[in-house]
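The residues making up each chain are set out below.
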Amino acid sequence: MKILAVNDTRAGLGNLKDTIETTGFELITASSGQEALQVLEKEYGNVSLVLLYWNEPDTDGYETLLAIKGDERFRSIPVIMLCADYYQPKEMQAFKAGANACLTIPFNQKDLAAKISETLGKRGMILAKLARISNLPTAPPVLVALLQKLNDENYTIDDLVSLIEEDVALSAKILAVANSPAYRGTSEITSVRTAAVRLGFDEIKDISMVAIISSSLSSLTIPNLGRFWIHSLAVGYTAQVLARRAGRKFPPRLKGYLFTAGLLHDLGSLVLYHLFSKEVQILYDRLPETDLTMYQLEEESLGIDHAEVGAYVARHWKLPEAIREAIAFHHAPWQASSSMKPLVSAVHLADFICNNQEFSWIDDNFPREFDSSSWELFDMDLDDVPEIIDEVKEIGQKSEIFAALL
Amino acid sequence: MAIIKVTPQELTELARFLEKVRGIVIPPNKAYLVESRLSKLLEENGMKSYRELVDLLKRNPPKPLVDKIVDAMTTNETLWFRDSGIWEIMRDEIIPDLDRRIPARRIRIWSAACSTGQEPYSISMLIHRRHKEKRIAGPPSRYEIVATDISMSALFLAKVGRYDRISMSRGFTGQWATYKDEFFKTTGNTAQISNEIKDIVHFQRFNLSDPLTSLGKFDLVLIRNVAIYFSLDFKKELFRKIYNAMNPGGYLILGASESLRGISSDFKLVTRPRGFYYTKV
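Residue numbers (our numbering), protein chains in the order written: chain A, 38 to 443; chain B, 1468 to 1748.
No wet-lab data here; the hints were simulated from the structure.
Computed from a predicted model, the values in this text were never measured in an experiment.
Built from N, CA and C at the ideal position, the CB exists for glycine as well.
A few of these clues could be false.
As the list claims (entries may be wrong) - Derived lysine-lysine pairs resembling DSS-like cross-links, with alpha carbons at most 30 Å apart:
# : chain 1 : residue 1 : chain 2 : residue 2
1 : A       : Lys-430   : B       : Lys-1652
2 : A       : Lys-106   : B       : Lys-1525
3 : B       : Lys-1684  : B       : Lys-1702
4 : B       : Lys-1472  : A       : Lys-292
5 : B       : Lys-1472  : A       : Lys-286
6 : A       : Lys-159   : B       : Lys-1525
7 : B       : Lys-1652  : A       : Lys-127
What the hints assert, rightly or not - Label pairs and their calculated CB-CB ranges:
#  : chain 1 : residue 1 : chain 2 : residue 2 : range
8  : B       : Leu-1532  : A       : Arg-282   : 40 to 46 Å
9  : A       : Glu-190   : B       : Pro-1606  : 54 to 60 Å
10 : B       : Leu-1532  : A       : Glu-109   : 47 to 53 Å
11 : A       : Pro-177   : B       : Asn-1662  : 43 to 49 Å
12 : B       : Pro-1528  : A       : Arg-352   : 39 to 45 Å
Construct the entire structure; sequences and hints are all you get.
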């Protein structure tokens, strides 16, 4: 995450770069208001905060503030005004125009760091911590390779088999799954190729995805890890079922992402627990005593929820945008972009249904409602519900067997 | 009436406010309830979002507005056998009468705002219990309970019929406790209602401002704690439509604190020590 400083070349600002890097952010600069707006546009979504130098009678700083706060896209980015001299009415003017804080030059570098963390709040600081964390697991190349091929029609089963065979550990895991009671046919499967032929292309792709993802995340843990994977698998499979039932209403271009999106939708929970186990454990303990759902508790006490954290990691891993949105908006599908809405809705509904059927990894306080426009998108009938529930029960059993092998 | 969406943030702020000033708790999972109850209020006050409402409440909350919100948010709390008295009347008087009076055709019941299914399933349990006690003529399938609501999520949960511990702890008190053991199977943290109870309940999404003709004719209508929040004109129209959708001799049941005074004079009020109901003469 970045902090944009505008006109930071003026005297009295000290070593902004060092101060900002101690807070975990990267400093970028612009030399004028106009350039600042261009940078905000180019770095849209990456700038956490703006530092604006303001020295009357030069009005550039103030006008830039007005321009930022007057733009729908940038309005929510906090701005700290760095004022060349202290004059209370001037501060008031800045606050009225939407500035979040003011600091008079010259200032102590510690004051600036404190002001930044105060302005960004816990949420911003968590994002900053995420940004500089070095032990965040990285996406293995094989995952990236496979993800790119999820929707590639020219990708063949042979390509997939060779990709898997390059990785011995992965091959072994896939054989274990293929020979498990969830899949096993009459005779033992001894090669990846046989597994691929026996189970089919789509199935072997899904199994590979699970094996790759679970091993690349094996350094992360969470209470109820076994149930976490059962839930994630069940949501992936259920999302596929919902899309299949929707038939032509579900866009083919998103089909390949369904399983992986479901599998990864709670990725942020793993990462949050990894980074803030003590704080998050307190939230788990509080859960039975409140009516809040987990993501609301996270939002309330950390200022950020697992969906946003997961989306951040997805971006960091350069996962496809479809998957990132499914992770980011699985609790709020109405925020998804319209082209991704069917995928996000499938994961949202699948999550709701799996929790309802106790294929969940926490015991209580699930969202009690789903987004009705997601339901309408799939054009399902209430009379379909018993059939869906039956399918989800089978999926749950399969996921339990599967998860035990991870 | 258009439904206005509430964001989790707005919901949290609204809940905090109500808890602080009135000691009322709105669970965050009740967003659909907030939306279905308060959208009209927003509209009336020319507000386009819950943000506007929350900001007004934080700044300078007008008491009549707060009263209305509280009223809306505290009604229709779904529980099993809600308002015990009327359930005794249904068990001892209304269902026996329907059973006796209508020997040859299907008996139709409408639960007009069924939420997650507690009301229609409670009726179904009454009917099945009577059947088991052999005090009923014909099989339970002689009854059809049409259960409607505007919320798809609520209907989904109703249709599944799986309830968590909190839902199961609401309402199965006193004489009704045995129904819980008889008609539910508990596994883990949830209880599943039995298929026999589900079989005679038909769930359907329905908006009360739509014509009732598509639903057919009814012998018993339960519309409890729903109408309070509609405008007088809407209520007059609604009960006129309900009157037309009822068979002669049919029963109408409202919430314990509701009345048709000033809304409809078509129905005959029958008062009993344990509660009251209306009939279509």
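So, going through the hints one by one against the coordinates:
no., hint, result
1, A:Lys-430 / B:Lys-1652, "holds, 16 Å"
2, A:Lys-106 / B:Lys-1525, "holds, 23 Å"
3, B:Lys-1684 / B:Lys-1702, "holds, 19 Å"
4, B:Lys-1472 / A:Lys-292, "holds, 29 Å"
5, B:Lys-1472 / A:Lys-286, "holds, 25 Å"
6, A:Lys-159 / B:Lys-1525, "holds, 23 Å"
7, B:Lys-1652 / A:Lys-127, "violated, 68 Å"
8, B:Leu-1532 / A:Arg-282: 40 to 46 Å, "holds, 44 Å"
9, A:Glu-190 / B:Pro-1606: 54 to 60 Å, "holds, 55 Å"
10, B:Leu-1532 / A:Glu-109: 47 to 53 Å, "violated, 29 Å"
11, A:Pro-177 / B:Asn-1662: 43 to 49 Å, "holds, 47 Å"
12, B:Pro-1528 / A:Arg-352: 39 to 45 Å, "holds, 41 Å"
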